[in-house]
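Chemist: Residue numbers (the working numbering), protein chains in the order written: chain A, 1 to 114; chain B, 1001 to 1114.
Simulated crosslink set (EDC-like; lysine to aspartate or glutamate; CA at most 16 angstroms straight-line):
(1) B:Lys1057 - A:Glu100
(2) A:Lys106 - B:Asp1038
(3) A:Lys78 - A:Glu15
(4) A:Lys106 - B:Glu1059
(5) B:Lys1070 - B:Asp1053
(6) A:Lys70 - A:Asp26
(7) A:Lys101 - B:Glu1059
(8) A:Lys101 - B:Asp1056
(9) A:Lys55 - A:Glu29
(10) A:Lys109 - B:Asp1038
(11) A:Lys78 - A:Glu61
(12) A:Lys73 - A:Glu29
If you want a taste of the chain A side facing chain B, the calculated C-beta under 8 angstroms gives, among others:
(13) Tyr33
(14) Arg43
(15) Gln44
(16) Met45
(17) Leu47
(18) Arg50
(19) Phe91
(20) Ala95
(21) Glu100
(22) Lys101
(23) Leu102
(24) Phe104
(25) Gly105
(26) Lys106
(27) Gly107
Hints listed in this document are in silico derivations from the structure and should not be mistaken for laboratory results. Don't be surprised by glycine CBs; every beta carbon is placed ideally from N, CA and C.
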Amino acid sequence: AQTVTQSQPEMSVQEAETVTLSCTYDTSESDYYLFWYKQPPSRQMILVIRQEAYKQQNATENRFSVNFQKAAKSFSLKISDSQLGDAAMYFCAGAQGGSEKLVFGKGTKLTVNP
Amino acid sequence: DAGITQSPRYKITETGRQVTLMCHQTWSHSYMFWYRQDLGHGLRLIYYSAAADITDKGEVPDGYVVSRSKTENFPLTLESATRSQTSVYFCASRGTGRGTPTQYFGPGTRLLVL
Chain A
1 AQTVTQSQPE MSVQEAETVT LSCTYDTSES DYYLFWYKQP PSRQMILVIR
51 QEAYKQQNAT ENRFSVNFQK AAKSFSLKIS DSQLGDAAMY FCAGAQGGSE
101 KLVFGKGTKL TVNP
Chain B
1001 DAGITQSPRY KITETGRQVT LMCHQTWSHS YMFWYRQDLG HGLRLIYYSA
1051 AADITDKGEV PDGYVVSRSK TENFPLTLES ATRSQTSVYF CASRGTGRGT
1101 PTQYFGPGTR LLVL
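Bound-form chain A, shown alone:
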């Protein structure tokens, strides 16, 4: 079984500052993928970033980067230079390699203050 835990129901950040959202992913498998999805008020689920467990290098997409600590089962998302458009729900999700199923955390609501 796999579990995804997001322990921060809400976070806030000042515009242009940096914020880190936390996630832990527990699985007995060694082959898995981790994702961060963003859900703005429009409710569209948008892929932010993806990390393959076998890769040692942390994934980066422009202002978004992850800190993947495999032994600690930690997969945090760092947003640099926060913008008003970053305000959204952020969901962490995991999928075991070869499995069809994506398991989601309960989400973190991010507020960006001007």
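Knowing the structure of chain A, use the given hints to seat chain B on it.
Modeler: Below, chain B without anything else, positioned relative to chain A:
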């Protein structure tokens, strides 16, 4: 490139009525998924399909029926709607193979059961 679409986007129905939510993707993805999103639960998998005529249950399948006669379509039917099925429903798809684990989501259907 339409991607993945859902219809209707909003639906109000009454308890006991049959409702069908439509999902259509233009990527020829093998896998398709139905999720429901409720406050406090994140996204939960209802049903998924690995290919045409192949479907399987997810975490919360009770009260729902799916079919997949064509690769591009994956309708979800609530045979006798109940108030507990009031939710936002998301369809998603992904390609085949271990290297394509990313799921892409439709815009969602907001369903209210009175």
